[in-house]
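First to last, the sequence lines map onto chains C and R. In this text, residue positions in the first sequence follow this note's numbering: the first is 1, and each later residue adds one. In this text, residue positions in the second sequence follow this note's numbering: the first is 1001, and each later residue adds one.
Don't read these hints as lab results, they were simulated from the structure. Given the structure is predicted, the values throughout are model-derived calculations rather than measurements. No residue lacks a Cβ here, since even glycine has one placed at the ideal position from N, Cα and C. Among these hints, one or two may not hold up.
Distance ranges between label pairs, derived from CB positions [claimed, not checked]: (1) Asp136(C) - Lys1187(R): 44 to 54 Å; (2) Thr36(C) - Lys1285(R): 30 to 40 Å; (3) His1033(R) - Ala192(C): 45 to 55 Å.
Simulated pairs of lysine-lysine, BS3-like, Cα-Cα distance not exceeding 27 Å [claimed, not checked]: (4) Lys138(C) - Lys1060(R); (5) Lys1187(R) - Lys1227(R); (6) Lys283(C) - Lys1285(R); (7) Lys187(C) - Lys1171(R); (8) Lys1030(R) - Lys138(C); (9) Lys260(C) - Lys1298(R); (10) Lys44(C) - Lys75(C); (11) Lys138(C) - Lys1171(R); (12) Lys138(C) - Lys1199(R); (13) Lys283(C) - Lys260(C); (14) Lys30(C) - Lys44(C); (15) Lys1227(R) - Lys1299(R); (16) Lys1171(R) - Lys227(C); (17) Lys1298(R) - Lys1030(R); (18) Lys227(C) - Lys187(C); (19) Lys1199(R) - Lys234(C); (20) Lys1263(R) - Lys1285(R); (21) Lys138(C) - Lys1285(R); (22) Lys1299(R) - Lys260(C); (23) Lys1298(R) - Lys283(C); (24) Lys1030(R) - Lys283(C).
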Amino acid sequence: MAEEELPGVLILDIGGTHGVLENLVPLLKKHFRLITMKEFLENKKELSKKIQSVFVFECRPTVDRELLESLPNLKVIGNSGVGVDHLDVKMISNFGVKVTNTPHAVADSTADIGMALMLASARRLVEGCQIAVSPDTKCFAVDWLGVEVTRATLGIIGMGSIGYKVAQRARAFDMRILYHNRNRRRKEEEEAVGAHYCEKMEDLLQQSDFVMLVVNLTPETHKLIGKKELGLMKPTATLINISRGAVIDQDALVEALQNKIIRAAALDVTYPEPLPRDHPLLKLNNIIITPHIGTATAQAIRMMAEEAIANMLAVLNGQPIPSEVFPK
Amino acid sequence: MEGQELPYVLIDCIGGRYGVYEDHAEFLEKHFHLITMKEYLENKKFLSKKIRAIYMWYHKPVIKEELLQSLPNLKIVASSGVGIDHLDLNLLSRYGVKVSNTPFVVSTDTADLGMALMLASSRRLVEGYQIAVSPDTEYFPADWLGAEVSGATLGILGMGTIGYKVAERAKAFEMKILYHNRNQRNKEEESAVGAIYCKKIDDLLQQSDFVLLSVNLTPQTHKLIGKRELELMKPTATLINISRGLVVDQDALVEALQNKVIKAAALDVTYPEPLPRDHPLLKLKNVIITPHIGSATKKTRRLMMENMMESIQAGLTGLPIPNEVLL
Chain C
1 MAEEELPGVL ILDIGGTHGV LENLVPLLKK HFRLITMKEF LENKKELSKK
51 IQSVFVFECR PTVDRELLES LPNLKVIGNS GVGVDHLDVK MISNFGVKVT
101 NTPHAVADST ADIGMALMLA SARRLVEGCQ IAVSPDTKCF AVDWLGVEVT
151 RATLGIIGMG SIGYKVAQRA RAFDMRILYH NRNRRRKEEE EAVGAHYCEK
201 MEDLLQQSDF VMLVVNLTPE THKLIGKKEL GLMKPTATLI NISRGAVIDQ
251 DALVEALQNK IIRAAALDVT YPEPLPRDHP LLKLNNIIIT PHIGTATAQA
301 IRMMAEEAIA NMLAVLNGQP IPSEVFPK
Chain R
1001 MEGQELPYVL IDCIGGRYGV YEDHAEFLEK HFHLITMKEY LENKKFLSKK
1051 IRAIYMWYHK PVIKEELLQS LPNLKIVASS GVGIDHLDLN LLSRYGVKVS
1101 NTPFVVSTDT ADLGMALMLA SSRRLVEGYQ IAVSPDTEYF PADWLGAEVS
1151 GATLGILGMG TIGYKVAERA KAFEMKILYH NRNQRNKEEE SAVGAIYCKK
1201 IDDLLQQSDF VLLSVNLTPQ THKLIGKREL ELMKPTATLI NISRGLVVDQ
1251 DALVEALQNK VIKAAALDVT YPEPLPRDHP LLKLKNVIIT PHIGSATKKT
1301 RRLMMENMME SIQAGLTGLP IPNEVLL
């Protein structure tokens, strides 16, 4: 099929700081005519009709009402990544446009980052590195200690695909696994990872040495962890967030960390990203923050693009859609 | 005190950065009369005959022949940790002194740290943290990537207790596991973790995305990984060391990292510790170093202390010594 006849897909840009990675371009071009925002804005009249899909990569381009109104033949927003809190799914749906995400491609790499953060925080890895290379270090103190991960209790809040993969990994560390989820998993699934269901999140918070947030961001999970929840956690516990920054009441977290209500936090996500440079979270020494790298591997990025493309093509071809996101 | 006196045990000191932990000392004092080096030196005449055991916490007190000569009733040295490369076993044997270590209690923490280093290195966690907190950061770039641990190939050199626990953990990440060991493990042990034996170390080096060293330091494993071995590794591979610094030829490692012969290294151990402050390893971007914290958790250190206490008690009452190190 000639390039001109392939369905048009709108992207923000190729390369640069926020554009689609260059090595994904051939993948996209196999199935779509690639149109960047710049090209679209320069030639709206001709291109607006050609665009049938938008490939949203790292939350860009922004899909607002204005954009939707200018794309009469738009059928699908294919998001790279599983979180769609940056998209107004209801509004998009009102335009008759479908939204798809990539739940399978993100699972392994995000579960890995959850484990990496838990281990790094427990064993004080970042601090340790600083000591190892500091010009002031003369000897390694023997009374410098972290906390154990093996045989500790991990409470997983949100036991979807990612949460379940975290449980699979944690089990190999002989961890006692508690979980809280909207719906209880089947018995076989629980037994396979040795996970105990906590119907009440409070029970999980009170018993866990590590609390890991793996929920998606919805109005129900917004500020799910606030002052009350932090107060219920053990003073020796660590909070790990690999979901979305807004799942935590950040001001409450700052206070809890400052007053040693909990031992430490490890966050791959904050609100906003990045945090303002004078934010108190950046000054605390019982926190590690990573720059939202849950899926920042070459493999995951590629798999996400493939999954998004498969979803977009399914919509355009009228086939069953693997991962459609419905408005609430 | 009525009845039998508590046995006199020599330690380096209590508290501070290098001494026996104060809460450990409190516990030990219920079973032993602890004598610090300072106390000993101030009252050698009386104490030298009394001391029957040395509680060696993180290589202190240092044991030289002079000390052995002046402790005629010394029966046992209990050393913390699993490594015994810092002890002259022949010398101690000549003086009829038994030795114990704490091999099993350190295993899970050390395996955990091996996994922590592998994940941190592969996902560029330390660099990522620096970006997240740097005053210059305005946005998070989209093209900043690490490499996947899940599904990658891990080559474990040294499949003892620690190496095996690493394999158990790595299996849950769906890693392909290769291993090299003096002796092959039995079939059940291998299939429990899905580990494939590589009789030749070269095969392991050539196929692995991560090479993890968990051997003990002996004359045979000294500089086990040198220029030749590093060149056999993939240019995309990472070397992780949780054994001893001397298992790696450090100069060869520096060169390999500078010339991107391998991708990165993550070291909990170096030689010496700490490295001199002007050492090239400290300047390389593709290395992370931790300050020998393989067993550095409260629980494990407490268990180590209890193990050492038991070994000393057995040694002094002529019973079989738990965790005895034999020549």
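Quick rundown of the hints versus the structure:
1. Asp136(C) - Lys1187(R): 44 to 54 Å: 51 Å Cβ-Cβ, so the 44 to 54 Å window holds.
2. Thr36(C) - Lys1285(R): 30 to 40 Å: This hint holds: roughly 33 Å between Cβ atoms.
3. His1033(R) - Ala192(C): 45 to 55 Å: Cβ of histidine 1033(R) to Cβ of alanine 192(C): about 53 Å, so the range 45 to 55 Å holds.
4. Lys138(C) - Lys1060(R): holds, 17 Å
5. Lys1187(R) - Lys1227(R): violated, 33 Å
6. Lys283(C) - Lys1285(R): holds, 24 Å
7. Lys187(C) - Lys1171(R): Between lysine 187(C) and lysine 1171(R) the Cα gap is close to 23 Å, so the pair holds against 27 Å.
8. Lys1030(R) - Lys138(C): Measuring from Cα to Cα gives roughly 34 Å; hence the hint is violated.
9. Lys260(C) - Lys1298(R): holds, 18 Å
10. Lys44(C) - Lys75(C): Holds, at roughly 17 Å.
11. Lys138(C) - Lys1171(R): Violated. Lysine 138(C) to lysine 1171(R) sits at ~38 Å, over the 27 Å cutoff.
12. Lys138(C) - Lys1199(R): violated, 41 Å
13. Lys283(C) - Lys260(C): holds, 15 Å
14. Lys30(C) - Lys44(C): holds, 23 Å
15. Lys1227(R) - Lys1299(R): Outside the cut-off at roughly 39 Å; violated.
16. Lys1171(R) - Lys227(C): Status violated; Cα separation ~38 Å.
17. Lys1298(R) - Lys1030(R): With a Cα-Cα distance of about 20 Å, the restraint between lysine 1298(R) and lysine 1030(R) holds, given a limit of 27 Å.
18. Lys227(C) - Lys187(C): Violated: lysine 227(C) and lysine 187(C) sit about 33 Å apart, past 27 Å.
19. Lys1199(R) - Lys234(C): The given pair, whose Cα atoms are some 48 Å apart, is violated under the 27 Å limit.
20. Lys1263(R) - Lys1285(R): holds, 10 Å
21. Lys138(C) - Lys1285(R): holds, 22 Å
22. Lys1299(R) - Lys260(C): holds, 20 Å
23. Lys1298(R) - Lys283(C): holds, 26 Å
24. Lys1030(R) - Lys283(C): Roughly 43 Å separates the two Cα atoms, so the pair is violated.
Violation of the numbered hints given earlier is confined to hints 5, 8, 11, 12, 15, 16, 18, 19 and 24; the remaining hints are satisfied by the structure.
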